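A.B. asks: These protein sequence lines map, in sequence, to chains A and B.
Under our numbering, the first sequence has 33 at position 33, and the numbering climbs by one with no breaks.
So the mapping is simple: our numbering equals the position in the second sequence, first residue as 1, plus 322.
Source of the hints: derived by calculation from the structure; they are not laboratory data.
It should be emphasised that the depicted structure is a prediction, and the values quoted were computed from it without experimental measurement.
C-beta atoms are modelled at their ideal positions from N, C-alpha and C, and glycine is treated no differently.
Mixed in with the good hints, there may be bad ones.
Where chain B lies over chain A, by a calculated footprint (3+ residues, C-beta under 8 Å) [claimed, not checked]:
hint, region
1, 63 to 71
2, 84 to 92
3, 107 to 117
The residues making up each chain are set out below.
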Amino acid sequence: MSQPREAQQADAPGGVEFRGLVASGISRNFGPVRAIEYMDFSAPAGQVTALIGPNGAGKTTLLLILASLLAPDEGSVRVMGVDPVANPSAARLQIGWMPDTLGVWESLTAREILLVMGRLYRIPKSRLAARVDELLALVNLVELADQPARVLSRGQQQRLSLARALIHDPAVLLLDEPASGLDPGSRIALRRILRELAAAGKAVVVSSHVLAELDEIADRAVFVNAGRTVLAQTVDQASAQGRRYAISALDPAQLAGQLTRLGLRFEAGSGRRETVSLMLGAEPDAARLLHDLVLAGVAVTAFAPAGGALEETYMSMDAEQR
Amino acid sequence: MTTVRNSPETLDAPRRTGGFAGYVDGIRAVVGMELRQRLRSRGWYIMLAIWFVLVGLVTGLTWYIWTSEQNIHAGFNGSAGALIYEIVLAFVLLLALLVAPAFSANAINGDRAGGTLAILQVTLLRPGQILCGKFLASWIAGLAFLVASVPFLVIGVLQGGVGIGEILVSILMIAVEIGVVCAIGVGISALANRPLFSIVVTYLCVSALTLGTLIAFGFGALLSQGTVMANQIYYKNAGEQYGADGSLLPSNLKQIGGVTDQDSDYACYGPLVEQPAVRTDRVAWLLGMNPLVVVADAIPYPSNDSSLTYGGGMLESASQAARAAQAGPDSTTMCANGKIGPAYFGQTTPLWPLGLGIQLLLSAGIWWLGWRALRTPARRLARGTRVA
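Go ahead and model the full structure; you've got the sequences and the hints to work with.
C.D. replies: Laid out in structure tokens, this is it:
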């Protein structure tokens, strides 16, 4: 087992003390399998950072390392400046972790689970009951609070899991696929909760496959593939790098003709309706094209980004990998 | 917005400091959580009910056998109380050893499979607290079975012939033995990946302790051939006797020279000669690890050799046999070193502290390995282990 790299790597570039979560140059093997290789990751306080990558890219392994459950073979992790390998207890006070596998004690009630968790984080009894009530209200489980967890649906268990991760008011929140299994209402509630947590100064890390959703939640994204960090960018950067738009009109032929006249390359859309899709630069370009089309008399019925900004990056990244 | 924001100060500031009290509270939280789940599972009550019926059945049958025996031989030696007590005790011990792995040997890897272990590990719980909490919870669950069989042991006491001290010590020792099995089970469940595997291994450990120790003692004794210095025995109440050389011995002790030791029945005489003997004292520790021996040997019985209070029951016989093995041929061979050995091994030479000590050492070793496997952040993982 190799020695962890020196600690100075934990500081952000520029040497200023970085508030949030930093992992630098971490590697982790499982036997002969290299799950993560020299991965860099940072999640600043006050922002939601999306962790994006295909299945098996090392997202869960990275989150386990960040959650202080796995030690990296190489590299270092700092959670609000604390090294979880050297001082796990101090780090764990700062970390809230919601795993992708929903571990639920089935015969315990939601309230009991939260009470026990609070006790394990040594929250004083006098405050714990109020804290549990507050979290049950936050995740909308008040009515089910005294039902055994086994009667909760997957989405409800997911919400309970989120409440559990928040019980000790951690500064860093690590969520592994939090949106899977949630109904649309719960997704919107989750989005609201995560934005509120970020606004309250927490570093929130979300791994997810639902990319369009991350556009709304995340401030920045880290793309990983095959155990390596491929790209880190903000959502604004992702939006600015150009994205694919889908356009449809009452008369598709007229639309196609006009686009050809404007000298734009386009292709038939992949959707159900008869649309065309094309790459556009930043948003002003899109606005100008729509303006031109309408002026030219094309009866545009739909003009919208074909996918999320992050999805665009993800797809281009994926293409690079092939 | 206000729902989430809960400034760190209000929650963190008076957080209880760690220290011993905090450590114990973490263990208590784990125990409480485990027991609460246990009390809500129906299988647990079914097991208890089956247990109660089984022990009751054994008690009833013993009672029946004793009364029919009474009818055949009037004045059958021994009291019903002692008989029932001994049989029920042995049965409870055996059954407890069989039941204990069932709720200890999946304590930790069961949680791992259910995805809840990592949730505990990510809190401030330390590996030792998880081990202790799971162990105490399974031990308490095991003790519930012991408590369920107390009524039947009390029947034995009410029938007379068994002292209250004996019954208290025997219950205490069975409780300790259940604890040993639970400790081994919990330790193995921290090590093994799959619950099925750890349960089987724990059962193998239990059979190694109960049967394996007897077999190992047998083989060990066969391999421990040694010698002992002894001279000849003279049976005072016998008729014609022959010496070691085949010659007829004089019928009067006074005619033999060199008597080294004698009591009312025997005398030792003649020169000390090296004789082959089985050095059971070298392998007695194997026998001592047997839970039945530990329990039987720990139960106090009056250290006299004639007036046996409860008929020299099987527990006492087991204890005496174990102590004889421990004492070895120097004490058990007649006229070893020219002395008449003790016919009875007193309380000064108990074997159970050694046996229990070895059992505890074994458990401690497994716990140390289990503790290593539970440490987080984890460096090495067993093959195929998924943290969460």
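A.B. asks: Three residues or more, CB to CB closer than 8 Å: is that satisfied between the region 63 to 71 of chain A and chain B?
C.D. replies: holds (count 7)
A.B. asks: Given that the region 84 to 92 of chain A was listed as covered by chain B, double-check it with a C-beta distance under 8 Å for 3 or more residues.
C.D. replies: n = 5 at 8 Å, threshold three: holds.
A.B. asks: Count the residues of the region 107 to 117 of chain A whose CB lies closer than 8 Å to any CB of chain B, then report whether that count reaches three.
C.D. replies: Three-residue rule met by the region 107 to 117 of chain A, so holds; n is 5.
Hint compliance for this structure: every hint is met.
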